[in-house]
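Protein chains: 2
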Amino acid sequence: MPPGNSAEAPPTPALVFEMLQAHQRTAALKAAIDLDVFTAVGDGPGDVASIARHCKASERGIRILCDFLTIHGVLHKRKDGYYQHTPTSAAFLDPRSPSSLASIAQFLGNPAMHEPYIHLADIVRAGRTTLPGDGSVEPENPIWVQFAETMAPMMAPMVGPLGKVVLNGHNGPMRVLDIAAGHGLFGIEIAKQNPEAHVTGLDWAPVLRVALDNARRAGVQDRYDMLPGSAFEVDFGGPYDAILLTNFLHHFDESTCVTLLKKVHGALRPGGKAATLEFVPNEDRVSPPMPASFAMTMLTSTAAGDAYPLSALAAMYNYAGFSEVAAHPIPMSPHTVVMGQA
Amino acid sequence: MPPGNSAEAPPTPALVFEMLQAHQRTAALKAAIDLDVFTAVGDGPGDVASIARHCKASERGIRILCDFLTIHGVLHKRKDGYYQHTPTSAAFLDPRSPSSLASIAQFLGNPAMHEPYIHLADIVRAGRTTLPGDGSVEPENPIWVQFAETMAPMMAPMVGPLGKVVLNGHNGPMRVLDIAAGHGLFGIEIAKQNPEAHVTGLDWAPVLRVALDNARRAGVQDRYDMLPGSAFEVDFGGPYDAILLTNFLHHFDESTCVTLLKKVHGALRPGGKAATLEFVPNEDRVSPPMPASFAMTMLTSTAAGDAYPLSALAAMYNYAGFSEVAAHPIPMSPHTVVMGQA
Chain A
1 MPPGNSAEAP PTPALVFEML QAHQRTAALK AAIDLDVFTA VGDGPGDVAS IARHCKASER
61 GIRILCDFLT IHGVLHKRKD GYYQHTPTSA AFLDPRSPSS LASIAQFLGN PAMHEPYIHL
121 ADIVRAGRTT LPGDGSVEPE NPIWVQFAET MAPMMAPMVG PLGKVVLNGH NGPMRVLDIA
181 AGHGLFGIEI AKQNPEAHVT GLDWAPVLRV ALDNARRAGV QDRYDMLPGS AFEVDFGGPY
241 DAILLTNFLH HFDESTCVTL LKKVHGALRP GGKAATLEFV PNEDRVSPPM PASFAMTMLT
301 STAAGDAYPL SALAAMYNYA GFSEVAAHPI PMSPHTVVMG QA
Chain B
1 MPPGNSAEAP PTPALVFEML QAHQRTAALK AAIDLDVFTA VGDGPGDVAS IARHCKASER
61 GIRILCDFLT IHGVLHKRKD GYYQHTPTSA AFLDPRSPSS LASIAQFLGN PAMHEPYIHL
121 ADIVRAGRTT LPGDGSVEPE NPIWVQFAET MAPMMAPMVG PLGKVVLNGH NGPMRVLDIA
181 AGHGLFGIEI AKQNPEAHVT GLDWAPVLRV ALDNARRAGV QDRYDMLPGS AFEVDFGGPY
241 DAILLTNFLH HFDESTCVTL LKKVHGALRP GGKAATLEFV PNEDRVSPPM PASFAMTMLT
301 STAAGDAYPL SALAAMYNYA GFSEVAAHPI PMSPHTVVMG QA
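Chains A and B, in that order, are what the protein sequence lines are. The first sequence lines up with residues 1 to 342 when you count with my numbering. The second sequence lines up with residues 1 to 342 when you count with my numbering.
No lab work stands behind these hints: they were computed from the structure. Hints are not guaranteed to be accurate.
Same chains, same label: a pair holds when it works inside one copy or across any pair of copies.
Claimed, not checked - Listed next, the in silico SDA-like pairs over lysine to any residue satisfying Cα-Cα at most 20 Å (straight line):
no.: 1; residue 1: K77; residue 2: N282
no.: 2; residue 1: K79; residue 2: E138
no.: 3; residue 1: K79; residue 2: D213
no.: 4; residue 1: K56; residue 2: P331
no.: 5; residue 1: K56; residue 2: G127
no.: 6; residue 1: K77; residue 2: L15
no.: 7; residue 1: K77; residue 2: M290
no.: 8; residue 1: K164; residue 2: V48
no.: 9; residue 1: K77; residue 2: P309
no.: 10; residue 1: K77; residue 2: D36
no.: 11; residue 1: K77; residue 2: G237
Generate the whole structure from the sequences, applying the supplied hints.
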């Protein structure tokens, strides 16, 4: 028993029971999004009958689902039994909200992302994903098209701050390589913040089609190039003033990350910057909860990935030849930008 | 937006993200129990290597799993990286603890109990389980043998208080019928508290074998009879002084419950008592969290079951001819005994 707990209230089994049932909360939120419950609550009077009509669902099912969502903080139930948005559901679950995250449920709720958890004991025994090959980073894995198409809303709050950290006021001509570009929003943001920046997005070809659509939508397609292929195989070209590695290093073991960072170093002009965006837990690897928990996603979906604390990322950067490695936590987000100089 | 929230901090997407990943917590706890992690932590020094050896698992897998369990409150990680029990894991997850709940993960983590959540949107549309027939209450469903064999530790804290409420000091000869006896512990407790009580357990025959084993272990087998079959079809016999209906009514709609309670009423002597043990939410059906959330389990696993508030249970009792209906919440538990008099 850890020190300092002796004065606490006696433990109750509630936490154990709650963990064993936690999977219900994921399923309930996914079902509510799929049924369009949050539009119905935002649009209509909020009674069971009107929500059920909008969702083409049974009243028993809607009543139990909406009660469950209320218990868990993503709906409010008035004394008259009508449901309303909470501040959280209004901002992040109503599809009409500009900050809606509903689409990320399609990626995070993807059966391919959930299936490994059925075999988690086997994965812990083996120490790696039970997905075929290298798991989620298997070449041309179609989940990355879905990631690019659906996860942008989750990344949106990080885009502006990352752009500011990388540019640091720089306004002149510059070349930027966006490795594992995905939706492309990080590179596109650099092009928006600096009208003289030219961005090259690198990813699998089907993913880059999503990035190019986003570049067109942002009006920067004239300064947006595509480099299709694997970051480990394709010639980066260069030299670049900045190279972005967002949500990428965590998929690989440390030596693979160092190999990639050396290649990045070789494609930067002297003094150029590499910027990674990562879940960076504290050195204890058990705090804060969101970045630290991300290691579990890497255990289940990759052969050797991890959520690396700053000391590990800094060591990789230094081995690869970078200096002045520094962390820039993104406010109000679980992500951190870690930057090094070539 | 509900009133009173305007002064709160702006909402963050953390709750949405956490809900979409909550299924990881269920899988992690189930895997840790299956791998015997909590024995390893209780027995050994607590470093990754020794836990991995005990669990015959990889060090990468064990490190990430134990970090995840620490983040979510069921292990403690010391500054030197060694893992220890928290008060909760020592009491409820170490298999050597007399209050260990590890076995309930076998029932609650049963694939047959989890599978419906994959189709939750369809279930909400249909308003009933997608399991075959009547779902979990289909005749002879083998999950009830598993329930009887594994869920006793969860019910153990309720057994003594329920016995006290039902007996209310009564010490003379009495006959008790335990409907849906399962592990049999509730009826057995009556026989233990009153040496002149004679108990009849009613359940499917394969389930009653578990109850009879428990009656032998408690030394009350001479005063324990078995009545195999369906509570809706078998002749109860009687008259009884008390009839127990534990964890049963929630599987059915209100009219089915009334039908059964009428049959119960007819098998009681005048003044005899019927006692149900139930998850009883408040009238708002969204509090307290555990009893209120139980409606979701009934939606996914039954055709028409529910977590009934006291007003609904009292109405059923009254329709069936009972009077003096009263609720007796069990201290430190999410369960309530509701009793009526014939």
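Hint check results:
1. Proximity of K77 to N282 under the C-alpha cut-off of 20 Å is restricted to the inter-copy arrangement: shortest distance 13 Å between copies versus 38 Å within a copy.
2. With identical chains, the CA atoms of K79 and E138 are never at most 20 Å apart, being 51 Å at best within one copy and 36 Å at best between copies.
3. In this assembly of identical chains, K79 and D213 lie within 20 Å of each other by CA distance neither inside one copy nor across copies; the values are 46 Å within and 48 Å between.
4. In this assembly of identical chains, the alpha carbons of K56 and P331 never lie at most 20 Å apart, being 40 Å within a copy and 41 Å across copies at closest.
5. In this assembly of identical chains, the alpha carbons of K56 and G127 lie at most 20 Å apart only when taken from different copies (11 Å versus 44 Å within one copy).
6. Proximity of K77 to L15 under the C-alpha cut-off of 20 Å is restricted to the inter-copy arrangement: shortest distance 18 Å between copies versus 25 Å within a copy.
7. In this homomeric assembly, K77 and M290 come within 20 Å of each other (Cα to Cα) only across copies, at 17 Å, whereas the closest approach inside a single copy is 28 Å.
8. When the C-alpha separation of K164 and V48 is checked against a cutoff of 20 Å, the pair qualifies neither within a copy, at 46 Å, nor between copies, at 40 Å.
9. For the identical chains of this complex, K77 and P309 are inter-copy neighbours only, at 16 Å across copies versus 41 Å inside a copy, given an alpha-carbon limit of 20 Å.
10. Proximity of K77 and D36 under a CA criterion of 20 Å is satisfied intra-copy only: 18 Å inside one chain copy versus 41 Å between copies.
11. For the homomeric pair K77 and G237, neither the shortest alpha-carbon distance inside one copy (57 Å) nor that between copies (46 Å) is at most 20 Å.
Taken one by one, the earlier hints fail for this structure at numbers 2, 3, 4, 8, 11, listed in ascending order.
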